[in-house]
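**Student:** Here is what each chain is made of, one letter per residue.
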Amino acid sequence: MKSSLIILSVFFSGLFVGAMHVIPGKSNFNDISTFILYALMFLVGVSIGSDKRVWAQFRMMSFRVLIIPVSAIIGTGLGLFVYILLFAFPGTKDVLAIGAGFGYYSLSSIVISKISGETIGIIALLSNIIREVGTLVLAPVLVKYFGKLAPIASGGATTSDTTLPIIVKYSGKEYALGAIVNGVILTLLVPIIIAFIYAF
Amino acid sequence: MFNVIIYLGVGILTGLLLHKLTWIPSILERIITTVIYLLLFTLGLRAGLDRAITSQLYTLGLTACLISLFAMAGSIGISWIIYKWIFKSKLNEK
Numbered sequence: 001m002k003s004s005l006i007i008l009s010v011f012f013s014g015l016f017v018g019a020m021h022v023i024p025g026k027s028n029f030n031d032i033s034t035f036i037l038y039a040l041m042f043l044v045g046v047s048i049g050s051d052k053r054v055w056a057q058f059r060m061m062s063f064r065v066l067i068i069p070v071s072a073i074i075g076t077g078l079g080l081f082v083y084i085l086l087f088a089f090p091g092t093k094d095v096l097a098i099g100a101g102f103g104y105y106s107l108s109s110i111v112i113s114k115i116s117g118e119t120i121g122i123i124a125l126l127s128n129i130i131r132e133v134g135t136l137v138l139a140p141v142l143v144k145y146f147g148k149l150a151p152i153a154s155g156g157a158t159t160s161d162t163t164l165p166i167i168v169k170y171s172g173k174e175y176a177l178g179a180i181v182n183g184v185i186l187t188l189l190v191p192i193i194i195a196f197i198y199a200f
Numbered sequence: 001m002f003n004v005i006i007y008l009g010v011g012i013l014t015g016l017l018l019h020k021l022t023w024i025p026s027i028l029e030r031i032i033t034t035v036i037y038l039l040l041f042t043l044g045l046r047a048g049l050d051r052a053i054t055s056q057l058y059t060l061g062l063t064a065c066l067i068s069l070f071a072m073a074g075s076i077g078i079s080w081i082i083y084k085w086i087f088k089s090k091l092n093e094k
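Each protein sequence line maps, in turn, to chains A and B. Taking the numbering used here, the leading residue of the first sequence gets 1, the next gets one more, and so forth. Taking the numbering used here, the leading residue of the second sequence gets 1, the next gets one more, and so forth.
Think of the hints as simulated: they come from the structure by calculation, not from any bench. Among these hints, one or two may not hold up.
As the list claims (entries may be wrong) - Heads up, incomplete: computed chain A residues facing chain B, CB under 10 Å, no partners named:
id : residue
1  : I6
2  : F11
3  : L15
4  : A39
5  : F63
6  : V82
7  : T92
8  : S109
9  : I110
10 : I115
11 : I122
12 : N128
13 : A176
14 : L177
Beta carbons: idealized from backbone N, C-alpha and C, even for Gly.
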């Protein structure tokens, strides 16, 4: 919750500075930000590869645990298809990419804005923050009416860090491992799925 | 944009090779956070420079709300079915 507030204030202070028109032009940013994005992807990779907990998690999980991230992906896809049928904006690929952020708002919005432009990047940022904050706020209600897997499915990539405490509290400790595996797998898949969506 | 995946993959391999250096994750965490703030600031900056974006922020926010609503509803629905199904099969085992 705190980190999403920081992220939003960083973004909005950029927006404010930009809207003041104190900085001339905007084309200069593109080359630098592409370079920084690649450097960031490399660093994210190194942090995943060098993190022992991630690989320990993969070794100890049983095949059944995978059903949670798979159902989160399928469910998100189905929800997004209904959205695409009902609304014309934004385009199909953009909607799918925004949804494929699975709550991982920082990385997904940066990658998406790079590929599809700032407008879609901003929707991705807001939409994925809403997914995280919404899961935090609704967790008790979700468990009550839709079962103990519901906040894990709703939390997406955030269930291995920011939403983990609330999931443990309302779904129970026995769901902690499932939540961590779900979050780690979706976090890893976010940039890959987004790149695939725009590639075809 | 497959470059994104290639850089990620090279990073993961590098990380695997360096996994014995236990100080790496904590330092990386800080660098990554800083870089993400930097990129989000420039995203805001570029958006702020663009009148077409600043004039329709409200619409963009509403669109974002709707997309997350549908994405969350879909995944909650599927997880509900699976939860019931697992719960049922567990009852049958007893």
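**Student:** The structure should be examined with respect to each hint, and the outcome stated for every one.
**Tutor:** For each hint, the structure was consulted:
1. I6: Since chain B brings a Cβ to about 8 Å from I6(A), closer than 10 Å, the hint holds.
2. F11: OK, holds: F11(A) within 10 Å of chain B, min 4 Å.
3. L15: holds (4 Å)
4. A39: holds (7 Å)
5. F63: violated (14 Å)
6. V82: holds (6 Å)
7. T92: Since the shortest Cβ distance to chain B is 12 Å, the answer is violated.
8. S109: holds (7 Å)
9. I110: holds (5 Å)
10. I115: holds (5 Å)
11. I122: Interface hint status for I122(A): holds (5 Å vs cutoff 10 Å).
12. N128: holds (7 Å)
13. A176: violated (16 Å)
14. L177: violated (15 Å)
Hints 5, 7, 13, 14, counting from the list given before, are not met by this structure.
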